Every structure is written in structure tokens, then in C-alpha cells.
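Asks: If you want the building blocks of each chain, they are given just below.
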Amino acid sequence: MTLGPVTSSTDLTTPAEEEASTVTDGKKIEGRSLGRIAWTRLKRDKVALTGGGIIIFLILVAIFAPVLNKLFGHPVNEFHQDKIDPNLGGIPPIGTWGGISTDFLLGVQPVTGRDLFSQIIYGAQTSLLIALLATLLAVMIGIVVGITAGFFGGWIDSLFSRFMDLILAFPLILFAIALISVLPPTYWYRVTVIVLIIGGFSWPYIGRIVRGQTLSLREREFVEAARSIGAGNFRIIFRELLPNLAAPILVYSTLIIPTNILFEAALSFLGVGVPSPTPSWGRLLSDAVNYYEYDPMYMVVPGTAIFITVLAFNLFGDGLRDALDPKSNR
Amino acid sequence: MINFILRRVVTSVVLLIIISMVTFGVFFMVPKLAGTNPAELYVGKSATPADVAATARKLGLDKPIYVQYGEFMKGLVAGREYDNGPDKTHCAAPCFGYSFRNDRPVWPLLLDRLPVTISLTVGAAIIWLLGGVLAGVISALRRGSVLDRIVMVVALAGVSLPIYFTGLLAQLFFVHNLHWFKGGEYVNFADDPFGWANKLFLGWVTLALLYAATYARLTRAQMLETVSEDYIRTARAKGLRERVVVGKHAMRSVLTPIVTIFGLDLGAALGGAILTESVFSLPGIGRLSIDAVNTKDLPVVLGVTLFGAMFIVLANFLVDIVYAVIDPRVRLS
Numbered sequence: 001m002t003l004g005p006v007t008s009s010t011d012l013t014t015p016a017e018e019e020a021s022t023v024t025d026g027k028k029i030e031g032r033s034l035g036r037i038a039w040t041r042l043k044r045d046k047v048a049l050t051g052g053g054i055i056i057f058l059i060l061v062a063i064f065a066p067v068l069n070k071l072f073g074h075p076v077n078e079f080h081q082d083k084i085d086p087n088l089g090g091i092p093p094i095g096t097w098g099g100i101s102t103d104f105l106l107g108v109q110p111v112t113g114r115d116l117f118s119q120i121i122y123g124a125q126t127s128l129l130i131a132l133l134a135t136l137l138a139v140m141i142g143i144v145v146g147i148t149a150g151f152f153g154g155w156i157d158s159l160f161s162r163f164m165d166l167i168l169a170f171p172l173i174l175f176a177i178a179l180i181s182v183l184p185p186t187y188w189y190r191v192t193v194i195v196l197i198i199g200g201f202s203w204p205y206i207g208r209i210v211r212g213q214t215l216s217l218r219e220r221e222f223v224e225a226a227r228s229i230g231a232g233n234f235r236i237i238f239r240e241l242l243p244n245l246a247a248p249i250l251v252y253s254t255l256i257i258p259t260n261i262l263f264e265a266a267l268s269f270l271g272v273g274v275p276s277p278t279p280s281w282g283r284l285l286s287d288a289v290n291y292y293e294y295d296p297m298y299m300v301v302p303g304t305a306i307f308i309t310v311l312a313f314n315l316f317g318d319g320l321r322d323a324l325d326p327k328s329n330r
Numbered sequence: 001m002i003n004f005i006l007r008r009v010v011t012s013v014v015l016l017i018i019i020s021m022v023t024f025g026v027f028f029m030v031p032k033l034a035g036t037n038p039a040e041l042y043v044g045k046s047a048t049p050a051d052v053a054a055t056a057r058k059l060g061l062d063k064p065i066y067v068q069y070g071e072f073m074k075g076l077v078a079g080r081e082y083d084n085g086p087d088k089t090h091c092a093a094p095c096f097g098y099s100f101r102n103d104r105p106v107w108p109l110l111l112d113r114l115p116v117t118i119s120l121t122v123g124a125a126i127i128w129l130l131g132g133v134l135a136g137v138i139s140a141l142r143r144g145s146v147l148d149r150i151v152m153v154v155a156l157a158g159v160s161l162p163i164y165f166t167g168l169l170a171q172l173f174f175v176h177n178l179h180w181f182k183g184g185e186y187v188n189f190a191d192d193p194f195g196w197a198n199k200l201f202l203g204w205v206t207l208a209l210l211y212a213a214t215y216a217r218l219t220r221a222q223m224l225e226t227v228s229e230d231y232i233r234t235a236r237a238k239g240l241r242e243r244v245v246v247g248k249h250a251m252r253s254v255l256t257p258i259v260t261i262f263g264l265d266l267g268a269a270l271g272g273a274i275l276t277e278s279v280f281s282l283p284g285i286g287r288l289s290i291d292a293v294n295t296k297d298l299p300v301v302l303g304v305t306l307f308g309a310m311f312i313v314l315a316n317f318l319v320d321i322v323y324a325v326i327d328p329r330v331r332l333s
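Each protein sequence line maps, in turn, to chains V and A. Start counting the first sequence at 1; every next residue gets the next number (full-length UniProt numbering). Start counting the second sequence at 1; every next residue gets the next number (full-length UniProt numbering).
Think of the hints as simulated: they come from the structure by calculation, not from any bench. Being a predicted model, the structure only gives us computed values, none of them experimental. For each residue, glycine too, the CB sits at the ideal point set by N, CA and C. Keep in mind that a hint or two might mislead.
As the list claims (entries may be wrong) - Derived CB-CB ranges, DEER-like: (1) V:Phe-238 <-> A:Arg-241: 48 to 56 Å; (2) V:Ala-225 <-> A:Asp-327: 50 to 58 Å; (3) A:Glu-229 <-> V:Ser-158: 28 to 36 Å; (4) V:Pro-277 <-> A:Ser-281: 21 to 29 Å.
Stated by the list, open to error - Covered by chain V, according to a simulated footprint, are these stretches of chain A (three or more residues, beta-carbon under 8 Å): (5) 6-20; (6) 152-161; (7) 164-171.
Start from the sequences and build out the full structure, keeping to the hints where you can.
Replies: Here it is, written out as C-alpha cells:
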């Protein structure tokens, strides 16, 4: 994809022509920033907006999990064994849909009878916290390495590019589970290590994009112009290049969040995620493996939570890309 | 071309050596930093300090890390001797060491599990490559149609569904409710081809769904970009039939990025489709690694990781070669 620079005149005229129908009613045609144009396009993309809405909703749920839980749930690790059917070996909950009732909105966990609603909303906290922190880390490393490699070129570029190849050649999941399993299983230890691993292995995706864009941008006239009026490397990178890289960085950051959410859930599923009793969607699913014949809802609920979250980020990321990409063909 | 291949061989070998260093360092250093001795992992927590020391000596764990790494690499290339006091054990190349848990050499353990992983990934790869590319091409050619929308919705759902969810759902419906497939143990192709396919089928489909979704999206985008190129217009203007324009002229350019990611995905999957194997309880390399991690069997973990890295690096290498054959510009740069 090509994302045109902010200062380029072509990017202002093409979309302006495209939007001509909206400005013909008497008002004078004015230049708009790329951000404005992108926002106008995004506003028309109902699917992407739905994705964005779900993301905001999920973030609010994660932030206000304690409040929501007070209102609609039960304490996270409170056992409700009266909700479990004693006639069926004390495994599945009473009722057909995994014990869903007005009291237990998403049903209860088999055997223990813990409230699934509270597990899910606190699980959202875990999932989003780790995925967002890891993405932040990946974006920061990706920008620094990508710009350095693309801007300075030469042996620095070769070195950093080989380094990115090296990281992408690592058998990631294997390495992650092996590394995490030899470290102490305390909450902050695990969260830190998981964030470092996910972020530390996903930055080359951002790095490659940034490098590629920087390579082509540094040859453009506006960089030459800046240099001719005496701007130093530092100024060129921060004032000329970075603003033009904002769009691809934003798009690809949004698109690696879902991958990171899936990765965190996969680690929890394999038993090396955040340690119990902190709720996590992946761990709920791995626990559900033991009961899905008797209580399928216990598997469906966390699975659907992961699906909706990942889908929302994918929808929004796709929409953002289409909105920011002048060559977008949709 | 030979020059190009040689350059890529050297890069690949260097890449593998660096990966082995990092992995080795991490697996034998990190437990130490976290306060556990690898030798203690071998003999168990209840052993006396003397036992631990003896084991450390036998496995060479008392030596500095770079000496251990040197011996490990020598074992990989030329085999090595383990000193058991009175007698010596010879471990033939490629020697990945011995499992901490059952004292079997790691290399045959890996080879034992490989057919399962190959059966799973190659079967899935055929489905995802054909299905993904076909869906993407049709979707691009019928852009905006109902079919296009359906394909894109399914593809979007496909990339958003974790395999440990689809796999479980598939098992719930097709194994437990409908009884279309048997659960049970994995059987070898040579022993019972139908049982083999029966056990693997759901794994193939769920693993393929994930990748096919990505391929369909990529193929569609690539195809849409290609059909607006000038040379496609020229081909049409020459009066070529649409089938030739799409099948011969456009496909060549569409397939180049697909070849790249196909090679990489296949390489990564062969190194252990950990999630799929653990959901469908297939005794492949991925399953071996999970078991090894859970029992803190360091040599096996190290072996599997290096084995997986080898597949990825090999796949990278092959992709580069194929790429150079398809696109001559690569060779010249």
C-alpha cells in the first residue's frame, strides 16, 4: 500500500475531487488535511465504525470491570456449588445453557460454579492490557529501528534488516512457552515477560513497513528541500519523516493488536499465560477442553469473547487502512 | 544464479548458528538466573547435592556456557561422547543430547514425531493454498458481488477465530454430536490410511481455515491491483481470452507474494503446529514440545526449538530461490 505524504499536493487534490459532490453546494472548495479526509471516509464505513464502537465498549468494560462486576456479577473466585447439578457427577451446571440466568448472566463454570460473567470481564482486562502494552512496545521498537535502517541505509540498514529476519525466523510460540515456563509464575513476572516476548517478536512487522516507507520518503523533494535550508538529521526525522509515517504506523499498529490478543490467549491456553487466579480467556478455554462434552457453553462463552474482540480490531484496522490509503480499492 | 544461491546458503547457515546460540544461551542461562540448576531439573528436587554435582559433571553442565555450547555444536555435527565414569556413551550425530526424563536421545524422539506433524501440515497446506487462492481470485473477479461479500466475511471471521476455539467446536459437533469422525488415537498412514485421514481431517480443515482466510484476502487484494495494470489492458486489447489474461498474465504476478508467505507459513507449521496438535491430541512435534516444557525437559525443548528454526530457515531459503526463479529482478539486486 502507498500512503502519501501530508505535504504532497497530489494527495490533497485527488481526494478533494472525490469529495467534490459534498462541496458543490455553494461552498468554496478548500484544501483538507489527510486526517480530515480519512475521518470523512471512515465515517462512511459503517463496518469499521461498528468495529471501533465494539473496541471502545470493550475498553470501557475492562476499565470498569470492578464496577460492572458489583452491579451484575459475583466475586471473581466465589464458588457457587449449588448451581452445579449433583445428579450428573457434580460437573455440569443446572440448566440447559451452562447455567445462564438473570443472576448469572453468562452462566457458571462447571464443578466450581464460579460466575463466568466476572471471569469474562476481568479476562478482558488481562487480554487488552497485555495486547496493548505489547503493541506499544512493538510500535516503539519498530519505529526506531525502521527509521534508523531506512534513513541511514548502508551497513546500518543491512544489519537491522538481517536482525529483523533473525527475529522472524524464530519458532516463536515454542520459544515463548519454553522461556516462560522456566521463569517464576508470579503475576507481574508473567505479565512483564509475556509483554516483552509478544512485543519483542512482533516489532519487525512494524519495522519493515517503516523502513520501506522511510526508504522512499527520504528521496522525496520535501526532504531535499528541508536539507537545503540546513535542517539536520534529527529535525528531518522528527519534523519531516515521522508525520508522514503516522498513517502506516497507525494502521499496522491497529492490525497487530488482534494478533497479539490471539497470541496472549494462545499462551494462556497452553498454560503459560497469566497465572491463576487472574482470569484469562485463554485459560478458560483450556479448562473448557475437559468439560465441553457436558457443558459446551463454558467453551463457547470465552471463545466468542476472543472472537468478537479480535474481529472488532480487524474490522477497525481494515477500515482505517482503506480510509488512509489514497489507492484503496474498495 | 549459483552465486545467488551460495550467498543465501551462507546467510541461512549464519542465521541458524545465531539462533542456536541465542536459544542455547536462553535455555541454559535463564534457569540459572531464576535460581534453578539445569542439573537439578534432571535429577529432581529430592536429590542430594552430590547427585546434582555428579549429574552436572556427567552432562558437562559444570563447565562455562561457551564450552557447553561448543560441545553441543560439535555433537550436532560430529556426535559426542558422554562420560559416565566407568563407561562412555556415544551419541551419534546429529546429537541433540539426551532427554532428561526418559534418557532417550533427542534426535530419534524428534524423528518419531515428524510424520504426524508432516501429515497434519502438508494436508492442511494443500487445502489452504488451493482454497485460499481460488476464493481470492473468484472474489476479485466478481468484485462487489454477493459471492465476493460472502468470501470476504468468511475470510475475516477465519482470521479472527483462534484455532483452539474452532478446533474444539469442530470436535464438539462432528465427533461428539454427529459422530462423523472418530476421536481416538492417531494411526500411521501405512497401518490404516482411512483411520489416519479420519483422525486428521478436522485438524486439516481447522488449520487450513486460518491460513486460507489470510491467503484469500491477500490474493484478492493482489488480483485487484494487478488487473488494473497496463500490461493487463494490453493483453485484453490484443484480444486474448479472459481466461488467458487472468490465468497466465495476472496469476504470475499474483502468485509471487503468495509463494513467499506459503513457504514461510509451511516452514513455521512444520516446526510444530503446537496449538492444532494440542487441540486434536495429535502426537506430533508440537505436542512433544508442550510435554517437554511441562516436564522441564530442557534438551528436548532445545532440540524442538532448533528443529523448528531449521524448518523456518530452510523455508526462507527455498522461498528466496523460488522467488529468484519467478522474478529475475531479485537475482540482480
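Asks: For every hint, state whether the structure bears it out.
Replies: Going down the list of hints, with the structure as the test:
1. V:Phe-238 <-> A:Arg-241: 48 to 56 Å: holds (54 Å)
2. V:Ala-225 <-> A:Asp-327: 50 to 58 Å: Check failed, 35 Å falls outside 50 to 58 Å.
3. A:Glu-229 <-> V:Ser-158: 28 to 36 Å: holds (31 Å)
4. V:Pro-277 <-> A:Ser-281: 21 to 29 Å: Check passed, 27 Å falls within 21 to 29 Å.
5. 6-20: Check passed, 4 qualifying residues.
6. 152-161: The restraint on the stretch 152-161 of chain A holds, since 5 of its residues have a Cβ under 8 Å from chain V and three suffice.
7. 164-171: Three-residue rule met by the stretch 164-171 of chain A, so holds; n is 5.
In summary, the one numbered hint that this structure violates is 2.
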